[in-house]
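S.K.: One-letter residues, chain by chain:
There are 2 protein chains.
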Amino acid sequence: MLDHQPVINHNLTPDVDPQWTHEPNCEHCSGCDSEISVAKADLEAFVVGVLEKHGVGRAEGEVVARVLVSSDLRGIPSHGVARLGRYLAGIGTGFIVPGVEPEVVEPVPAIAVIDAKNGLGQVVSELAMDLAIAKAKTNGIGMVTVKNSNHYGIAGYYALKALDQRMIGVSMTNAAPLVVPTFGRQVMFGTNPIAFAAPASNHPGFMLDTATSVVPRGKLEVYDRNRTQMPPGWAMDQDGYDALNPGLVLRNLVERAGGGILPLGGRGELHSGYKGYGLAVMVDVLCGVLSGAAYGPFVYDMKRNEQKTGVAAPNVGHFFMAIDIERFMPLDEFEARMAEYIDVLRDGEKALDQERIYVHGEKEFEKAACHAKCGVPLAKNVFENLCTIAKQCGHAAPVTRA
Amino acid sequence: MLDHQPVINHNLTPDVDPQWTHEPNCEHCSGCDSEISVAKADLEAFVVGVLEKHGVGRAEGEVVARVLVSSDLRGIPSHGVARLGRYLAGIGTGFIVPGVEPEVVEPVPAIAVIDAKNGLGQVVSELAMDLAIAKAKTNGIGMVTVKNSNHYGIAGYYALKALDQRMIGVSMTNAAPLVVPTFGRQVMFGTNPIAFAAPASNHPGFMLDTATSVVPRGKLEVYDRNRTQMPPGWAMDQDGYDALNPGLVLRNLVERAGGGILPLGGRGELHSGYKGYGLAVMVDVLCGVLSGAAYGPFVYDMKRNEQKTGVAAPNVGHFFMAIDIERFMPLDEFEARMAEYIDVLRDGEKALDQERIYVHGEKEFEKAACHAKCGVPLAKNVFENLCTIAKQCGHAAPVTRA
Chain A
4 MLDHQPVINH NLTPDVDPQW THEPNCEHCS GCDSEISVAK ADLEAFVVGV
54 LEKHGVGRAE GEVVARVLVS SDLRGIPSHG VARLGRYLAG IGTGFIVPGV
104 EPEVVEPVPA IAVIDAKNGL GQVVSELAMD LAIAKAKTNG IGMVTVKNSN
154 HYGIAGYYAL KALDQRMIGV SMTNAAPLVV PTFGRQVMFG TNPIAFAAPA
204 SNHPGFMLDT ATSVVPRGKL EVYDRNRTQM PPGWAMDQDG YDALNPGLVL
254 RNLVERAGGG ILPLGGRGEL HSGYKGYGLA VMVDVLCGVL SGAAYGPFVY
304 DMKRNEQKTG VAAPNVGHFF MAIDIERFMP LDEFEARMAE YIDVLRDGEK
354 ALDQERIYVH GEKEFEKAAC HAKCGVPLAK NVFENLCTIA KQCGHAAPVT
404 RA
Chain B
4 MLDHQPVINH NLTPDVDPQW THEPNCEHCS GCDSEISVAK ADLEAFVVGV
54 LEKHGVGRAE GEVVARVLVS SDLRGIPSHG VARLGRYLAG IGTGFIVPGV
104 EPEVVEPVPA IAVIDAKNGL GQVVSELAMD LAIAKAKTNG IGMVTVKNSN
154 HYGIAGYYAL KALDQRMIGV SMTNAAPLVV PTFGRQVMFG TNPIAFAAPA
204 SNHPGFMLDT ATSVVPRGKL EVYDRNRTQM PPGWAMDQDG YDALNPGLVL
254 RNLVERAGGG ILPLGGRGEL HSGYKGYGLA VMVDVLCGVL SGAAYGPFVY
304 DMKRNEQKTG VAAPNVGHFF MAIDIERFMP LDEFEARMAE YIDVLRDGEK
354 ALDQERIYVH GEKEFEKAAC HAKCGVPLAK NVFENLCTIA KQCGHAAPVT
404 RA
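First to last, the sequence lines map onto chains A and B. For any residue, its number in my numbering is found by taking its place in the first sequence, counting from 1, and adding 3. For any residue, its number in my numbering is found by taking its place in the second sequence, counting from 1, and adding 3.
With the rest of the complex left out, here is chain A (with noise of 0.2 Å):
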């Protein structure tokens, strides 16, 4: 498949030092002096051609390197070429399938309704929100669900797409259960991430992407390798308590023993953490119900779903919108009162020592340039699975900088 032309994001995914962010800034970029870099292009190259070597065609390919080396491009390791092992794994399994062709029903203009056929998460998704900008230039506004589909990788490179086009984006997907809700014990909806973008004159934009729980599950995997403790408010034990040990919240999770991740706000009501779980299932109910995905424990259930729709599969569900600014005010109008807003986030006073007040997916952007130049860094065990996979399908490795 993949009939439609993708609109690339060069904000995303830039070549070099674009015009709308500051020079380089290596000294915020905690990754460019890793041990291991490999530059974007090549490392693009190696997912295509490891992604070809597992029967998916150049352009979907294609597509899925994009985004996955937009998010360790921007610094957000989990999310990045990290996950490829897993979508091999998908293929081979057969519940990622890729060359299918998504079905698109358009009910009214400014709505389109997909069905992904279980094929690549990156390749339905980069689609559906290109048809969300095209709905929102003619319509003002443009929204589109998908269901059947995969892991779509990191949730801002898709409203980012909306950012490169002058307008606000938003994308959001449902997950596999890790997040319990306030005064439950079970997983019961995943880490349902909402990723908002908006345009700014004289800054890259304002770019939220965050998960509606606490921490992601890769955090805890973090600390579980470093053995280092958790704080209190992140996770939540098989009896209800707080976990402080993040080896046996993952450990919980795959045995499905009871606890999990906590929602945004923590465990019971004292710091609000029904609304981080209020979040989540805002989430799903755009993402899962709407759409006619599988929803809140039952995404990544592959026996309740080859019930419900003839195929073993995760069944993952997405929302996409963009918002045609200019039906609003004018384009730099908006852009200037953006730019104010940033500049006097970024202005205020500094609490305790802090020297600093970040505005969302300035430190991205800000790494994006870096990496862009100083090569994409990656952690050395997962360069060593790279080198695992290539090695089992007769790629050669990434070839790594100098």
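The set of hints was computed from the structure by calculation and includes no laboratory data. Heads up, a few of these hints could be off.
When chains are identical, the list treats them as one kind, so a pair holds in a single copy or across two.
[As the list claims (entries may be wrong)] Listed below are the simulated BS3-like cross-link pairs for lysine-lysine, each with C-alpha atoms no more than 30 Å apart in a straight line:
(1) Lys222 <-> Lys353
(2) Lys311 <-> Lys353
(3) Lys366 <-> Lys353
(4) Lys56 <-> Lys376
(5) Lys56 <-> Lys120
(6) Lys140 <-> Lys120
(7) Lys56 <-> Lys306
Since the structure is predicted, the reported quantities are computational estimates derived from the model, not experimental observations.
Could you slot chain B onto chain A? The hints should help.
M.R.: Relative to the frame of chain A, chain B by itself:
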């Protein structure tokens, strides 16, 4: 004004136990054993009467009364009739202007952009949400922004109007600055709530209505009144430390001395306070920046707003959206899926000694049913304040129930 016939939401303001809810369950209603309670109709009539004494036409007064009383009815007194005095003050000062005609521009069918002309927040917002619903019926989705508005009461009221039409409803507003950004110690935005409602069969529906701050200002006021220490993580003192003294924070807010309420997720990065901060700004981008209203620290900045718009007014902004579910799937199917989701959440294993997992809105629907039958409870100081207001304008005091 008020040419348009508002769609009155009976779910929101039940006269008697409505068909969609359980029997009134006074056990779960902490309020109906209140010393003072007033019948819903009597409380609404009181608000209308007092507003009339202050030059507000009956039709407009009825909207304000309905929104305020719906909040008390649902057990959220912070946004109920306790606010009446502030509205009267706003009318007296001249920044709330009853009887104005909002200017409605519809650049494309799915969208409207409204200038509230500093009218009553509830009046323009009921009009705006009704318009979003009408647009959704035709276009699948309807989105309406409002600028030059005032406090609109409880966010959830408007989302519930969509639920009453078996649609998905979204309502957001910006608000007076009370919340500090991560690493900052100056208030930069309001408690900027997100309300989201979706219908479900056999349930009153899913109804999230949440500030993006960890707590609302009203909670600090309650703690201050009761001389109770706050837990760390709710508010920040003038220097950037966790504040445990609610009175100190409230005084600092009034004097703009530094510090304020923390975003959802708390202080710093440990529990992801930047997520609540980002969600608050997201709400403000839609309600403030996009609508043409004030945003961030400029909401309720009368001097600046006078320079910008010629009127010394708060220039609050709102955002409303409705989604017509039937464009996506049969309505009964959606509602059955929602019901299954709600049931699976509620039926999950409970943490520690918890007996019940709540779904958002559940407590409030129960209270509304109870209070519609047993009377709307009022705190003693709120009731006394209403009596003072009545006396001052020559209106009879509210009639309490025996």
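S.K.: Decide, hint by hint, whether the structure agrees.
M.R.: For each hint, the structure was consulted:
Proximity of Lys222 to Lys353 under the C-alpha cut-off of 30 Å is found in both arrangements, the shortest distances being 27 Å within a copy and 25 Å between copies. When the C-alpha separation of Lys311 and Lys353 is checked against a cutoff of 30 Å, the pair qualifies only between copies, where the shortest distance is 28 Å, while the shortest distance within a copy is 53 Å. In this homomeric assembly, Lys366 and Lys353 come within 30 Å of each other (Cα to Cα) only inside a single copy, at 17 Å, whereas the closest approach across copies is 39 Å. For a Cα distance limit of 30 Å, the shortest separation of Lys56 from Lys376 inside one copy, 29 Å, qualifies, whereas the shortest one across copies, 68 Å, does not.
When the C-alpha separation of Lys56 and Lys120 is checked against a cutoff of 30 Å, the pair qualifies only within one copy, where the shortest distance is 22 Å, while the shortest distance between copies is 63 Å. In the homo-oligomer, the alpha carbons of Lys140 and Lys120 lie at most 30 Å apart both inside one protomer (27 Å) and across protomers (29 Å), since each shortest distance falls under that limit. Taking the closest pair of Cα atoms, Lys56 and Lys306 come within 30 Å of each other only inside a single copy of the chain (29 Å); across copies the shortest separation is 65 Å, beyond that limit.
Checked against the numbered hints above, the structure breaks none of them.
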